[in-house]
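Chains as they are written, first to last, in my numbering: chain R, 1 to 358; chain L, 1 to 358; chain G, 1 to 358; chain D, 1 to 358.
Derived by calculation from the structure, the hints in this document are not laboratory data. One or more hints might be untrue.
Because identical chains share one entry, a pair is satisfied inside a single copy or across any pair of copies.
[As the list claims (entries may be wrong)] Lysine-lysine pairs mimicking DSBU-like chemistry, simulated, CA-CA at most 30 Å apart:
id, residue 1, residue 2
1, K324, K226
2, K226, K7
3, K324, K35
4, K185, K7
5, K7, K174
6, K174, K185
7, K226, K185
8, K226, K35
Below are the chains, spelled out letter by letter.
Protein chains: 4
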Amino acid sequence: MAKSKSKRIGIFTAGGDCPGLNAAIRGVAKAARRKYGIEVIGIYDGFQGLIENRWRALDWDDLSGILTIGGTMLRTSRTKPHAYQLPGGETIDMTAQAYENYRSLGLDCLVILGGGGTQRNALRLVEAGCNVITLPKTIDNDIAGTDVCFGYDTAVTIGTEAIDRLHSTADSHKRIMVLELMGNKSGWLALGAGVAGGADAILIPEIPFDIEVVADSIRDRDRQGKRFSIVAVAEGAEPRGGFADDEEYEHAGEGHHVGTRVGRRLEVLTELEARVTILGYVQRGGSPTPADRLLATKLGTASADLLAEGTYNVMVASRGEGWKALPLEDVAGERRTVPLDHAWVRAARLIGTSFGDE
Amino acid sequence: MAKSKSKRIGIFTAGGDCPGLNAAIRGVAKAARRKYGIEVIGIYDGFQGLIENRWRALDWDDLSGILTIGGTMLRTSRTKPHAYQLPGGETIDMTAQAYENYRSLGLDCLVILGGGGTQRNALRLVEAGCNVITLPKTIDNDIAGTDVCFGYDTAVTIGTEAIDRLHSTADSHKRIMVLELMGNKSGWLALGAGVAGGADAILIPEIPFDIEVVADSIRDRDRQGKRFSIVAVAEGAEPRGGFADDEEYEHAGEGHHVGTRVGRRLEVLTELEARVTILGYVQRGGSPTPADRLLATKLGTASADLLAEGTYNVMVASRGEGWKALPLEDVAGERRTVPLDHAWVRAARLIGTSFGDE
Amino acid sequence: MAKSKSKRIGIFTAGGDCPGLNAAIRGVAKAARRKYGIEVIGIYDGFQGLIENRWRALDWDDLSGILTIGGTMLRTSRTKPHAYQLPGGETIDMTAQAYENYRSLGLDCLVILGGGGTQRNALRLVEAGCNVITLPKTIDNDIAGTDVCFGYDTAVTIGTEAIDRLHSTADSHKRIMVLELMGNKSGWLALGAGVAGGADAILIPEIPFDIEVVADSIRDRDRQGKRFSIVAVAEGAEPRGGFADDEEYEHAGEGHHVGTRVGRRLEVLTELEARVTILGYVQRGGSPTPADRLLATKLGTASADLLAEGTYNVMVASRGEGWKALPLEDVAGERRTVPLDHAWVRAARLIGTSFGDE
Amino acid sequence: MAKSKSKRIGIFTAGGDCPGLNAAIRGVAKAARRKYGIEVIGIYDGFQGLIENRWRALDWDDLSGILTIGGTMLRTSRTKPHAYQLPGGETIDMTAQAYENYRSLGLDCLVILGGGGTQRNALRLVEAGCNVITLPKTIDNDIAGTDVCFGYDTAVTIGTEAIDRLHSTADSHKRIMVLELMGNKSGWLALGAGVAGGADAILIPEIPFDIEVVADSIRDRDRQGKRFSIVAVAEGAEPRGGFADDEEYEHAGEGHHVGTRVGRRLEVLTELEARVTILGYVQRGGSPTPADRLLATKLGTASADLLAEGTYNVMVASRGEGWKALPLEDVAGERRTVPLDHAWVRAARLIGTSFGDE
């Protein structure tokens, strides 16, 4: 323990925020300080703060009472070290500057909490000379190598709660309820909330949908006397062949919300009224669920063990009840999408949920 | 008690559904049956079921376990007795048919749970010969004569929870968060959730807004170092002079969501990013809050007292801790909007919330 | 406005804490500072901090982000000015010292947030020469003169949620579920949660119960095929004639929890199993409900208006949608208990809830 | 698929109820009926209903709307087939009767949802000639062979929420807050809620505690200026050497609640006030969390696949994102307790949580 006494690390959060970041910061910093006497400084606003040298030492009081708080006390940004934006709008590579600040701060390692893009950017810092440990956070749950990412369980819970509420009101009228959830490239969130909420159709990027098939499944329900249908749509879901040529999709609006488009098409095809909810950033917010706090605490404290023993340039992945340090180069750049034979997809199909494909 | 033994009443829910309807049905029917021996039949789908003669007797078991359930076990519709829609799309006046069914069912009174429009339609049935008692339900909280309507507290709670979640994520980035809430003609919901959630600007139909004023208040916050602003918008909020001529509002999309339009304009004016949430029907759903259950139970059981004593053609209004039976003709057709000097408006202004007007 | 520029006030919270205190502090201080330029200092630990002169100025940042937080940022204590406890355990009257500190701090008024006891203690400070404005907070809801106290709606919500959870598990087995709620002298909390949760029996201090009557109502349910009964008990509920002489009550334990005693007696009388939950301080905690935040904000900002105009020695009471300043001497020492003909009691009786008295 | 058309199965729930049972019943029955044409009958009240031949066919409507409901629609009991209780109190072995009813109902298999004890009782039915598939449910999370049991995540969530609420009120006063959670033989629930809620001490059956050590950790916090401490106690936690000889433990009461005893001892040792919450059956109730619904749906639908292919006498265990059918004889009789080096235990120790042992 004595040997690690003099270590000093920096910690920051990068990319989109999500519930559990504060719990992870607390886990890293409390364990590093208390157990190993490592000094911890918090860097503000992700890579941007590293480049601009904005930080402060985290003392014990900073770490109290943050376990339950959403967002990130260190704030975050979408700045990338190799594409730092100048006031004029131009971007330049500031990776060398980031490394320079890392050195002048006398850091032994950076602990970086981020999603898929952040893993890649963290690898750039490694290549520039920094020691790095990363933790996988994202409501999208699409980071390779880890069973699950913190933030995901909370986002699924918020999405499920929305579906639960739609159920009670949908049953009173005769309607299609469309809920658009986050998930641009992967459908984990829409899948999780859709199965947990008992959605009748779930549309995700991994399974291009045929809107006629979705409409058929709704008409089937109508014939069976079901008064309503609930459709969970990931924002990145796409019809087979894409959206482009269909006048009705166009008519639905601004080209941003697939939920609005899907609702409009289903109205035309089924002659039932549709109502659309766009949950938006509500999905990123709020207090993390216990599962996310446990996960963030497990991975955060694990990184302190790695710091103490000098194991760097790894992502701390959740594996079952434990965890594993994976070489950062093995996970950066990989995206984990929903396998088509995933147990939840299969379970949903078995009970009659439509994915719009068959 | 013996005298009222032979009474028979029908109960139905009309207009949009809301949390607390089942609690009210339970209150009416349990008290009417248990205390006064009144027979209670449930009529399905609002005025439509009355016209089409669809109903069934409610026994004790039907009333168990419904207190906590959102929506309405009797379902609802937006059908009006004087404008019943034929399959071809034409509408005809079926008020006489409604009365005919009321008579042939041998009913002494109808208990009708509904919003502002329903009060007017109920009055039509009175004029046709029915005895009627109404209960005020609506998430819009805009029925005249009652302190508050059931459904409102639950909707405010859902809206506030959304703002709470936006707060935690807004603080992590630098952003404007816009939340569109229901409320076409009255701003009670946006006002209640906005004040309870600590929104920085609240836009409601009663106070036409100047988007420049809203943008100013956000820029002020920016200058004070506040990293984010939250704007709660009622779906019926309008800029002074209306939406029509502004190209940027147009660009924002489909012409339906004021939230999207406001977000787009604020982005242009403040040069900050805006993110929009459209809560939609999520606001109508879910288990009623305790306050809504207490209110619905108070008014429901009160109507049983009125039924027993033969006081008809009244709305049961909440008045402080008690209730009062108001002549239906005094409340039908009146809408209660937010007074400009309401204590919540004043409170919000005192702590610096912008209503976009000054 | 210019005239009030130089005012300076102190604010503190006294007695038991409850949800909504921070919302009220925020309301008072934001409105006082922003609108009227009044300087606000926060005094720690209630009357104790006033006596011991512990405080600090509240700046704008202190007031951000506290709206949603339970407890009180100024902490609280049960210290009374006239019975201040010395280290040895002795108590002395420190009212003069409190006044002395008030003067030396140059305060124009104290804003004191507290329950029934605090109203009396605040009046003592008035008599000693301080200007005082009080706000009514308590989960017990038993302060005279105000429609409702902040903290109460949140506590009812927590109690109701517990009953909702007991319902789902009670139905799976055959059991009596007893829930003990706070409320030593008044039954508002048990009544509110009991009616909102649909408890089958509600026992409150205002209505001495006969345990045989409670047992009868449970046996009745059993005969009707109801598999379970839920009993909500206020901690201050008492059997007619008191607890003293009954061996079975004794056997139930430590003499503290009426819930445990009632459960034990009902097991003996009904031959059904009973399970007991003691919610305890969980009822005081957590984020305030929107209704409590609205109430606390309304009353807090109202007190700023009173401060500005120099109306002192009043309690700011909620009256319908507005508020009213009541002379402190009229409310101090009065307790508002549940009237036996309260609309909720009547509603509960109408649907068959037992109060153990008939 | 044609071959399995004629199959007929029975399903029941046994032992204590927990959230997720209805979700699992829905998963089994919807998938079995819809995909494989298997007829499903629901047997009431666990083994008792099997012995007493009480059941009914489950049709599609029975399965709608139950996903979100706590408890079990089929009810449950603690009856064991080999120790069936006669009215006089005597118990006899009714295993043969259970098998007889199984045969006369023409069942191909029983799907049994239960905890550790139920796995053993299910094995008895196998030995008597029944085909059986079991699903692991319990809030105690202590069934061998599966990563996790449904019901657990919901119970952890309820426990964590209680700790969160205690935090906010504990900080206002200066106090020890003790929360007693379920868990007679295993500490999973107290551990999960304790770590997720940030409890300062966690006492579980697997780690006998020394109350002096717990008191020391609280005094340490007091010296560091922390105003409060939160202690999460499993109901089966025991001091080293047991409770017997200590007069102060005795004094604390009825000998049932370890929470009360621990609170009393800590008051004596630390001279701080302690407050105790006994959550009781509240932990078993309420709507299952999304994670529990996903788990129950995954395992339930998986059992339909096993039914179709004729794989019997297995427990369907969760393994990572998938599942595995384990021979029932390998899991029955095994209890999974918390390993002393579990990642959560280690994480908690790293950040300074006391387990009362060192």
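Taking the hints in turn, this is what the structure says about them:
1. For the identical chains of this complex, K324 and K226 are neighbours neither inside a copy (47 Å) nor across copies (34 Å), given an alpha-carbon limit of 30 Å.
2. Taking the shortest alpha-carbon separations for K226 and K7, only the inter-copy value of 27 Å comes in at or below 30 Å, while the best intra-copy value is 63 Å.
3. When the C-alpha separation of K324 and K35 is checked against a cutoff of 30 Å, the pair qualifies only within one copy, where the shortest distance is 20 Å, while the shortest distance between copies is 39 Å.
4. In this assembly of identical chains, K185 and K7 lie within 30 Å of each other by CA distance neither inside one copy nor across copies; the values are 39 Å within and 42 Å between.
5. Taking the closest pair of Cα atoms, K7 and K174 never come within 30 Å of each other, the shortest separation being 64 Å inside a single copy and 33 Å across copies.
6. Taking identical chains as interchangeable, the C-alpha atoms of K174 and K185 lie at most 30 Å apart only when they sit on different chains, with a minimum of 24 Å there against 32 Å within one chain.
7. For the identical chains of this complex, K226 and K185 are neighbours neither inside a copy (32 Å) nor across copies (32 Å), given an alpha-carbon limit of 30 Å.
8. Proximity of K226 to K35 under the C-alpha cut-off of 30 Å is restricted to the inter-copy arrangement: shortest distance 19 Å between copies versus 58 Å within a copy.
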